[in-house]
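**Q** Here are the chains, one letter per residue:
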Amino acid sequence: MEVVRVIPCLDVKDGRVVKGVGFLDLKDAGDPVELAYMYERQGADELVFLDISASVEGRSTLVDLVRDTASAVFIPLTVGGGITSLSQAATILHSGADKVSFNSAAVRAPRLIDEVAKTFGSQSVVVAIDAKWINNRYEVFTHGGTRSTGMDAIAWAKEVEDRGAGEILVTSMDRDGTKEGFDINLVKSLTQATSIPVIASGGVGSIQHFVEGALEGNAQGLLAASVFHYGEISIKEVKDALFSNGLNVRPVEMCS
Amino acid sequence: MVSKQAYLVSDPKDIGDPAGVILPGVGDFGACMDALDERGFKSVVLDLIAAKTPLLGVCVGMQMLFEFSEESGGHAGLGLLPGKVTKLRGARRLPQMQWNTLDLPKDSGGLYVGIAERPWVYFVHSYAITSSEFATATCDYGENFVASVQSGNVFGTQYHPEKSSKAGLSIIANFVSIAEGRAFETDTGN
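Residue numbers (this note's numbering), protein chains in the order written: chain S, 1 to 256; chain W, 1 to 190.
It is worth saying that the hints were derived from the structure and are not from the lab.
Bear in mind that the values here come from a model prediction, so they are computed numbers and not experimental data.
Possibly wrong hints are sitting among the right ones.
To be verified - With a straight-line Cα cutoff of 25 Å, these simulated DMTMM-like cross-link-like pairs (lysine to aspartate or glutamate) come out:
{"#": "1", "chain 1": "W", "residue 1": "Lys166", "chain 2": "S", "residue 2": "Glu159"}
{"#": "2", "chain 1": "W", "residue 1": "Lys166", "chain 2": "S", "residue 2": "Asp31"}
{"#": "3", "chain 1": "W", "residue 1": "Lys166", "chain 2": "S", "residue 2": "Asp68"}
{"#": "4", "chain 1": "W", "residue 1": "Lys52", "chain 2": "W", "residue 2": "Glu133"}
{"#": "5", "chain 1": "S", "residue 1": "Lys118", "chain 2": "W", "residue 2": "Asp37"}
{"#": "6", "chain 1": "W", "residue 1": "Lys13", "chain 2": "W", "residue 2": "Glu38"}
{"#": "7", "chain 1": "S", "residue 1": "Lys118", "chain 2": "W", "residue 2": "Glu38"}
{"#": "8", "chain 1": "W", "residue 1": "Lys87", "chain 2": "S", "residue 2": "Asp114"}
{"#": "9", "chain 1": "S", "residue 1": "Lys118", "chain 2": "W", "residue 2": "Asp34"}
{"#": "10", "chain 1": "W", "residue 1": "Lys87", "chain 2": "S", "residue 2": "Glu2"}
{"#": "11", "chain 1": "W", "residue 1": "Lys166", "chain 2": "S", "residue 2": "Glu253"}
{"#": "12", "chain 1": "W", "residue 1": "Lys52", "chain 2": "W", "residue 2": "Glu67"}
{"#": "13", "chain 1": "W", "residue 1": "Lys106", "chain 2": "S", "residue 2": "Asp31"}
{"#": "14", "chain 1": "S", "residue 1": "Lys118", "chain 2": "W", "residue 2": "Asp11"}
{"#": "15", "chain 1": "W", "residue 1": "Lys87", "chain 2": "S", "residue 2": "Glu34"}
{"#": "16", "chain 1": "S", "residue 1": "Lys118", "chain 2": "W", "residue 2": "Glu70"}
{"#": "17", "chain 1": "S", "residue 1": "Lys132", "chain 2": "S", "residue 2": "Glu216"}
{"#": "18", "chain 1": "W", "residue 1": "Lys4", "chain 2": "S", "residue 2": "Asp64"}
Stated by the list, open to error - Distance ranges between label pairs, derived from CB positions:
{"#": "19", "chain 1": "S", "residue 1": "Gly231", "chain 2": "W", "residue 2": "Ser151", "range": "22 to 30 Å"}
{"#": "20", "chain 1": "W", "residue 1": "Gly152", "chain 2": "S", "residue 2": "Ala72", "range": "30 to 38 Å"}
{"#": "21", "chain 1": "S", "residue 1": "Asn136", "chain 2": "W", "residue 2": "Glu70", "range": "41 to 49 Å"}
{"#": "22", "chain 1": "W", "residue 1": "Arg39", "chain 2": "S", "residue 2": "Asp114", "range": "41 to 49 Å"}
{"#": "23", "chain 1": "S", "residue 1": "Lys179", "chain 2": "W", "residue 2": "Glu180", "range": "49 to 57 Å"}
Backbone N, C-alpha and C fix where the C-beta goes; we use that ideal spot for every residue, glycine too.
So that you can see chain S by itself, here it is in the shape it has in the complex:
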């Protein structure tokens, strides 16, 4: 059967979780390993660490963090943010990450997708696409959404699939942070154009938005950050709603 995944995303800088996490029952809300462990217990199907460290020192901390997480948390872990080469990808994967996510680097040098897929397998390659609706089409943006590329997001998604990406993580820049829900049209366009799993991201504000992402967007994964971090919505509530709408989910009861 096909099963929808619910995926919390943690922003990490210099080895610490940033962009406020509002849980009160943690000793240290900034400790990524502790948070990752808690999300596993709450029923997360996978985790994404988005590294926003600007410094080289921050990058070496990331390797330690991935290693510590992989030895304490037994669900798949994707690491993204500023990975620009095969050797960096190798370091992250050898530290215990299951997948690496490429964004700007893949646009700049698409061959990177082929190289990593050939070396570590397609299942380890996620391509993150930040897309914005401009002039009646979805355009790819890079560098945290600050740079336009002139590239069509749907065409780019097909290209990354051809190059060996195993999964696409699509973020709607129009919706990100708005809490208005996923851009269903964007998600649906990508799931129709490709035959690899698609993770929808950007804009979730309610439980119903998750259901729409899977039911109408046909996304295989549903990613969110703040609604989980601030405890506004629990993973269990999301899964219960998905299930009662006829979608298959791994029950939260199996996790704690």
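Fit chain W to the supplied structure of chain S, relying on the hints for placement.
**A** For chain W alone, kept in the frame of chain S given last:
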């Protein structure tokens, strides 16, 4: 947690005399077989199996136990079990990269001692064995395929127990118990 010492071996001379061996494998089947061969592990693995050392092949590591895979033009496997690895043709979307449930026969032993009736485990694959007389669990992803096998001391899981949270850790604990040659009494505390 499974509190046993594990070592990652990348040179056959470091393998020593293990209680059990895990044969991982990710990515391309042919590349995995070539790597096994080039590093001199193929004969080591076959010797260990001949000596009845418990072995657990995970993902492509399980697929390599079979005779052949059609992945990337076709490649011979270790040939310990009869069968051919084929692409999951009934699937709408590949790879299967998700959690799924196992169909276990009643009173499963081996890796499934003390495991819930339909455990959830994590899969990442586009190819699989579709039927085997050595199947110990099956799964459905557009079509039915073999999720795990056992033949004597040779075990294989198409899924990743190391990424399958609580159920996965129990399965690994069971393998460790088998490797230690004793009944199920390994610490699986959470």
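**Q** It remains to establish, for every hint, whether it holds in the given structure.
**A** Structure-based check of each hint:
For a cut-off of 25 Å, the pair hint linking Lys166 (chain W) to Glu159 (chain S) is broken: about 37 Å separates their Cα positions. For the hint linking Lys166 (chain W) to Asp31 (chain S), the alpha-carbon distance of about 22 Å falls within 25 Å, and the restraint holds. At roughly 18 Å between alpha-carbon atoms, Lys166 (chain W) and Asp68 (chain S) fall within 25 Å of each other, so this suggested pair holds. For the hint linking Lys52 (chain W) to Glu133 (chain W), the alpha-carbon distance of about 20 Å falls within 25 Å, and the restraint holds.
About 18 Å separates the Cα atoms of Lys118 (chain S) and Asp37 (chain W), which keeps this hinted pair within 25 Å; it holds. Our distance criterion of 25 Å between C-alpha atoms is met by Lys13 (chain W) and Glu38 (chain W), whose separation comes to about 14 Å. With a CA separation close to 18 Å, the supplied pair Lys118 (chain S) and Glu38 (chain W) stays within the 25 Å bound. The straight-line distance between the Cα atoms of Lys87 (chain W) and Asp114 (chain S) is roughly 21 Å, inside the 25 Å bound, and the hint therefore holds.
Taking the CA atoms of Lys118 (chain S) and Asp34 (chain W), the gap is about 14 Å. The hint holds against a cut of 25 Å. At roughly 17 Å between alpha-carbon atoms, Lys87 (chain W) and Glu2 (chain S) fall within 25 Å of each other, so this suggested pair holds. Distance check on the hinted pair: Lys166 (chain W) and Glu253 (chain S) sit about 11 Å apart at the alpha-carbon level, within 25 Å; holds. For the hint pairing Lys52 (chain W) with Glu67 (chain W), the CA-to-CA distance comes to about 20 Å; that is within 25 Å, so the pair holds.
Proximity of Lys106 (chain W) to Asp31 (chain S) is assessed by CA-CA distance (about 42 Å); at most 25 Å being required, the pair is judged violated. For a cut-off of 25 Å, the pair hint linking Lys118 (chain S) to Asp11 (chain W) stands: about 23 Å separates their Cα positions. At most 25 Å may separate the alpha-carbon atoms for a hinted pair to count; Lys87 (chain W) and Glu34 (chain S) exceed this at roughly 38 Å. Between Lys118 (chain S) and Glu70 (chain W) the alpha-carbon distance is near 17 Å, which keeps this suggested pair within the 25 Å criterion.
Of the supplied pair hints, the one linking Lys132 (chain S) and Glu216 (chain S) holds, its CA atoms being roughly 19 Å apart against a limit of 25 Å. Of the supplied pair hints, the one linking Lys4 (chain W) and Asp64 (chain S) holds, its CA atoms being roughly 22 Å apart against a limit of 25 Å. With their beta carbons about 48 Å apart, Gly231 (chain S) and Ser151 (chain W) fall outside the hinted range of 22 to 30 Å. Taking the beta carbon of each, Gly152 (chain W) and Ala72 (chain S) are about 34 Å apart, inside 30 to 38 Å as hinted.
A hinted range of 41 to 49 Å holds for the C-beta pair Asn136 (chain S) and Glu70 (chain W), which are about 43 Å apart. A beta carbon spacing of about 24 Å between Arg39 (chain W) and Asp114 (chain S) contradicts the range 41 to 49 Å that was offered as a hint. A hinted range of 49 to 57 Å holds for the C-beta pair Lys179 (chain S) and Glu180 (chain W), which are about 52 Å apart.
Checked against the numbered hints above, the structure violates hints 1, 13, 15, 19, 22; every other hint is satisfied.
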